[in-house]
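**Q** Below, each chain spelled out in residue letters.
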Amino acid sequence: MNRFAALLDRLAYEPRRNAKLRLIMDYFRHTPDPERGYALAAMTNALMFKEAKPGLIRGLVEERTDPELFRMSYHYVGDLAETVALIWPAPGHESVAPASGGMPAIGHNNPPPHVPTLTEVVETLATTSKSDLPAKVAGWLDALDETGRWALLKLITRELRVGVSARLAKTAVAQLGGMEPDDVELIWHGLEAPYEDLFAWVEGRGPKPESGNPAPFRPPMLSHPLEEEDFEKLDAADFLAEWKWDGIRLQAVSGHDSHGRPVRRIYSRTGEDVSRAFPDLVEALAFDGSIDGELLIVREGRVQSFNVLQQRLNRKTVTPKLVAEFPAHLRVYDILTEGDEDLRDRPFTERRRRLEALVARLGDPRIDLSPMVPFETWEDLAAARADPASVGAGLDAEAIEGCMIKRADSPYLPGRPKGYWYKWKRDPYLVDAVMMYGQRGHGKRSSFYSDYTFGVWRDGPNGEELVPVGKAYHGFTDEELVKLDRYVRNHTVNRFGPVREVEYGKDRGLVLEVAFEGLQRSTRHKSGVAMRFPRINRIRWDKPPAEADRIEALEKILERGEKEVHPLKDREA
Amino acid sequence: MALRSTDILSQTPQGLYCPLGDFHIDPIRPVKRALITHGHSDHARSGHRSVLATRETLRIMGARYGEDFADGTQEAALGESLRLGDVTVRFTPAGHVLGSAQITIEAGGTRVVVSGDYKRAEDPTCLPYEVVPCDVFITEATFGLPVFRHPDTRGEVRKLMDSVALFPERTHIVGAYALGKAQRVMALLREEGYDRPIYLHGAMERLTELYKSEGIPLGETPKVAASERSKLAGAIVICPPSSIQDLWSRKFPDPVTCFASGWMRVRARARQKGVELPLVISDHSDWDDLCRTIRETGAGEVWVTHGQEDALVHWCTTHGIRARPLHMLGYGDEGEVEEAPQGGEA
Numbered sequence: 000m001n002r003f004a005a006l007l008d009r010l011a012y013e014p015r016r017n018a019k020l021r022l023i024m025d026y027f028r029h030t031p032d033p034e035r036g037y038a039l040a041a042m043t044n045a046l047m048f049k050e051a052k053p054g055l056i057r058g059l060v061e062e063r064t065d066p067e068l069f070r071m072s073y074h075y076v077g078d079l080a081e082t083v084a085l086i087w088p089a090p091g092h093e094s095v096a097p098a099s100g101g102m103p104a105i106g107h108n109n110p111p112p113h114v115p116t117l118t119e120v121v122e123t124l125a126t127t128s129k130s131d132l133p134a135k136v137a138g139w140l141d142a143l144d145e146t147g148r149w150a151l152l153k154l155i156t157r158e159l160r161v162g163v164s165a166r167l168a169k170t171a172v173a174q175l176g177g178m179e180p181d182d183v184e185l186i187w188h189g190l191e192a193p194y195e196d197l198f199a200w201v202e203g204r205g206p207k208p209e210s211g212n213p214a215p216f217r218p219p220m221l222s223h224p225l226e227e228e229d230f231e232k233l234d235a236a237d238f239l240a241e242w243k244w245d246g247i248r249l250q251a252v253s254g255h256d257s258h259g260r261p262v263r264r265i266y267s268r269t270g271e272d273v274s275r276a277f278p279d280l281v282e283a284l285a286f287d288g289s290i291d292g293e294l295l296i297v298r299e300g301r302v303q304s305f306n307v308l309q310q311r312l313n314r315k316t317v318t319p320k321l322v323a324e325f326p327a328h329l330r331v332y333d334i335l336t337e338g339d340e341d342l343r344d345r346p347f348t349e350r351r352r353r354l355e356a357l358v359a360r361l362g363d364p365r366i367d368l369s370p371m372v373p374f375e376t377w378e379d380l381a382a383a384r385a386d387p388a389s390v391g392a393g394l395d396a397e398a399i400e401g402c403m404i405k406r407a408d409s410p411y412l413p414g415r416p417k418g419y420w421y422k423w424k425r426d427p428y429l430v431d432a433v434m435m436y437g438q439r440g441h442g443k444r445s446s447f448y449s450d451y452t453f454g455v456w457r458d459g460p461n462g463e464e465l466v467p468v469g470k471a472y473h474g475f476t477d478e479e480l481v482k483l484d485r486y487v488r489n490h491t492v493n494r495f496g497p498v499r500e501v502e503y504g505k506d507r508g509l510v511l512e513v514a515f516e517g518l519q520r521s522t523r524h525k526s527g528v529a530m531r532f533p534r535i536n537r538i539r540w541d542k543p544p545a546e547a548d549r550i551e552a553l554e555k556i557l558e559r560g561e562k563e564v565h566p567l568k569d570r571e572a
Numbered sequence: 000m001a002l003r004s005t006d007i008l009s010q011t012p013q014g015l016y017c018p019l020g021d022f023h024i025d026p027i028r029p030v031k032r033a034l035i036t037h038g039h040s041d042h043a044r045s046g047h048r049s050v051l052a053t054r055e056t057l058r059i060m061g062a063r064y065g066e067d068f069a070d071g072t073q074e075a076a077l078g079e080s081l082r083l084g085d086v087t088v089r090f091t092p093a094g095h096v097l098g099s100a101q102i103t104i105e106a107g108g109t110r111v112v113v114s115g116d117y118k119r120a121e122d123p124t125c126l127p128y129e130v131v132p133c134d135v136f137i138t139e140a141t142f143g144l145p146v147f148r149h150p151d152t153r154g155e156v157r158k159l160m161d162s163v164a165l166f167p168e169r170t171h172i173v174g175a176y177a178l179g180k181a182q183r184v185m186a187l188l189r190e191e192g193y194d195r196p197i198y199l200h201g202a203m204e205r206l207t208e209l210y211k212s213e214g215i216p217l218g219e220t221p222k223v224a225a226s227e228r229s230k231l232a233g234a235i236v237i238c239p240p241s242s243i244q245d246l247w248s249r250k251f252p253d254p255v256t257c258f259a260s261g262w263m264r265v266r267a268r269a270r271q272k273g274v275e276l277p278l279v280i281s282d283h284s285d286w287d288d289l290c291r292t293i294r295e296t297g298a299g300e301v302w303v304t305h306g307q308e309d310a311l312v313h314w315c316t317t318h319g320i321r322a323r324p325l326h327m328l329g330y331g332d333e334g335e336v337e338e339a340p341q342g343g344e345a
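So the protein lines, in turn, are chains A and B.
Take 0 as the starting number for the first sequence in numbering that gives the first Met the number 0 and just add one per residue.
Take 0 as the starting number for the second sequence in numbering that gives the first Met the number 0 and just add one per residue.
Hints were generated in silico from the structure; no laboratory data involved.
Where is the CB? At the ideal position from N, CA and C, for every residue including glycine.
Don't take every hint at face value.
Stated by the list, open to error - Sample of chain B residues facing chain A (criterion: CB under 7 Å; computed from the structure):
#1 L144
#2 P145
#3 V146
#4 V265
#5 R266
#6 A267
#7 E275
#8 A310
#9 H313
Unchecked claim - Below, a list of computed lysine to aspartate or glutamate pairs in the EDC-like style, where the Cα atoms sit at most 16 Å apart:
#10 K272(B) <-> E478(A)
#11 K272(B) <-> E479(A)
#12 K272(B) <-> E13(A)
#13 K555(A) <-> D431(A)
Said to hold, decoys possible - Simulated DEER-style distance windows between Cβ atoms:
#14 K250(B) <-> A18(A): 15 to 25 Å
#15 S226(B) <-> V481(A): 30 to 40 Å
#16 R520(A) <-> E300(B): 45 to 55 Å
#17 K250(B) <-> T116(A): 41 to 51 Å
#18 T116(A) <-> R291(B): 33 to 43 Å
Please build the complete structure, drawing on both the sequences and the hints.
**A** Encoded structure:
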């Protein structure tokens, strides 16, 4: 455990990708099986403990610390595992203990403190019953030092937050044997912790593990945001365009196992198997291959807003009622494989033809093609992007968040290769609002006041008043964050735990230009509206708060959206 | 009958004020008479009519602001009582930095102690903290949360020396506040047997010389010349925290960014500053020492000046001690003070 903790500790402070890679490879080289395999599982988020959950940690720490002190500490540190690792009191320690109530007798029912190995931790967490777990974990916490406790708690909360992606960890494994990360990626879904067969293979001591997965995930190709200056460098004749849909990127894969039975899987863009959430879509995957597209909710042939999609995503259990009410739809735009044929090195135009043929053969209304947007010049495309309805997007126009621009000869490359795919998003809505509250951030921004609630003017019983319309926590640079943080601290009029109310009024306060992607009605917000993807576009140090926008500006956007997105609303009501 | 504590000390926009003695303690704006606990710039400001402080603190203020930093100065001898108006005052070591002192005010049978910033941990560069029993204890709470438990300082210094041994081709750039922390790190390195030169950023020089002239052995501490930065592979360089990430530090061979501060206990803090080797070394009391000190003073009432007041007030209240936060502005709010020129510290 200590070795693994030391690795996580160093990774947490190492900003450079290549140095991280070296650290992980070094750990793999010098740590025996199965210990290193469990470390790989932890870094790829492949460990799942049924009973060991954040709630368990909270329960333990609540027994030993004053709840108020714990709450304040947690708000300050902004990370549960780290807070508990730091606050965890030695047996009999009085300065954090609850004022009343005794400490549980440590070691009473447990063996004496003993520093466990990672393997022991993982295996114990997986097999110990719920009732025995608290004593077990408490014993480990007593035995480990601060770094060890932190690593153990990170495992249990399943959020390592050390700046290592699953991809990077797999890259480290691949490089042990001079292989490419995709070599590991392709067999990954058939493997299980502690991955002894995988390590044996990359180290040349064993055969290539059978994928065991006839429907594997392949890393998707991602795009770059298009910058204004790119137009000068790019020739419109080399490119094709599609709409950029406001949905969820998915990869749908269908194959056959060794007994010839169909195996169908749906993956998120990070490779998480989400098939169980979309049984209606899995049913529709009557092909042999791997396609790339956008998950949307389509009712009566109309793409619904992202808000509607979210209502389906947020459910834990998928009932027939949910499926009927929120029918999943896949709008496809690329094909990676068909049958045994890997199409990823073919040009986009060829893949597109294969995709069109496949969709036509399927003939299933749940899977359709993302249409191409015709254009000759970049000006044409700009016009289409500004008004998708004018070039055939019809009623789906509001579900379009811009254009995707792809080189006609582009291969399908994993990751975010330069020069092939671009996204050109629709311009956001802007509103000038006044900062009302600041809240401490989490993770990287812990202890900075980095989340800001802002409001716009409306008529109140006593004249004009500010009503909160949203909260934003990004869009600014690190330097701006320092200034905003200082602003909150220096203009505090009220404190509510991690939240500070700042001064605001007609002639006092800070105006924030907020950019957002859309609005919806909300009963949870005082103002009756909720913003989608709000972020700070500009800090208007210069602008008097009295000149910030009024609620009517938002109402107008809302009405426009409702008219176009919900023409059926009246009928439903 | 004993006086009420608020008759002895009250809060004004300038800072804490003693009406019976007509003086301020660590005022943030110019006043007629200021009593200064220690030389950090958020406590010791220039422009007061008269200043009463320890000899070392007066020297530090002179070095920072020029000898004319006040119209008149008076030296406070540690442990000696002085009559000021209707009160008696006494300076006692606070263990924070060279010359730092707590100020005890007594009148009509009531004793109030203003701790200033203080620590209980080992520091070879200043006199150790002395507990002064009192009725009202006025404490800081920079690290007033139970997540702050400073580890053994020597272990942290050894961590630095181990890293130097491990990466002899890289320069270790240690961010440390110019007054106190920098010299403490140097002194500890010497005590742990590090005998090579310790290189200094220009901003560290004057106060380091002052420490040496007070008889604190810091060994050879040359100033880094611009031209030799690229040749300092394997060396330890001490600079202000603001310099660890700027252009200045990038001229060193593959620098390892280190920062000596109590804030380094929280990972996110270290990462926000791009620190690769956090050294948890603080000149303030950690949570356990704050609680222990409050108990040892026997005070029935505690005022908390700045830092994480709420948690410490809560602890006092649940342990039968009356307490209130002062929410004082002007002292490093939660320690984000390095913007202050050469400023406060943590």
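**Q** Please go over all the hints and tell whether each is borne out by the structure.
**A** Okay, the hints, checked on the actual structure:
For L144(B), the interface hint holds, the least distance from its beta-carbon to any beta-carbon of chain A being 5 Å, beneath 7 Å. Interface restraint check for P145(B): the shortest CB-CB distance to chain A comes to about 4 Å, inside 7 Å, so the restraint holds. Given the 7 Å rule on beta carbons, the hint for V146(B) holds: about 4 Å separates it from the nearest Cβ of chain A. The interface hint given for V265(B) holds, since its Cβ lies 6 Å from the closest Cβ of chain A, which is under the 7 Å cut-off.
Against a cut-off of 7 Å between C-beta atoms, the interface hint on R266(B) holds, since the closest Cβ of chain A lies about 6 Å away. Interface restraint check: A267(B) against chain A, minimum CB-CB distance 4 Å, threshold 7 Å, status holds. Below 7 Å, beta-carbon pairs count as interface contacts, and E275(B) has one with chain A at about 5 Å; its hint therefore holds. Taking 7 Å as the C-beta contact cut-off toward chain A, the hint placing A310(B) at the interface holds, the least distance being around 5 Å.
The interface hint given for H313(B) holds, since its Cβ lies 5 Å from the closest Cβ of chain A, which is under the 7 Å cut-off. Among the hinted pairs, K272(B) with E478(A) is consistent with the structure: their alpha-carbon atoms are about 12 Å apart, no more than 16 Å. At roughly 15 Å between alpha-carbon atoms, K272(B) and E479(A) fall within 16 Å of each other, so this suggested pair holds. This hinted pair checks out: K272(B) and E13(A) have alpha carbons roughly 12 Å apart, not beyond 16 Å.
Proposed proximity of K555(A) and D431(A) is supported: the alpha carbons are some 15 Å apart, at most 16 Å. Judged by the Cβ atoms, the range 15 to 25 Å given for K250(B) and A18(A) holds: they are separated by roughly 20 Å. Taking the beta carbon of each, S226(B) and V481(A) are about 33 Å apart, inside 30 to 40 Å as hinted. The hinted window of 45 to 55 Å between R520(A) and E300(B) holds, with their beta carbons roughly 53 Å apart.
Between K250(B) and T116(A) the beta carbons are some 44 Å apart, a value that agrees with the proposed interval 41 to 51 Å. A beta carbon spacing of about 36 Å between T116(A) and R291(B) agrees with the range 33 to 43 Å that was offered as a hint.
The structure agrees with every numbered hint stated previously.
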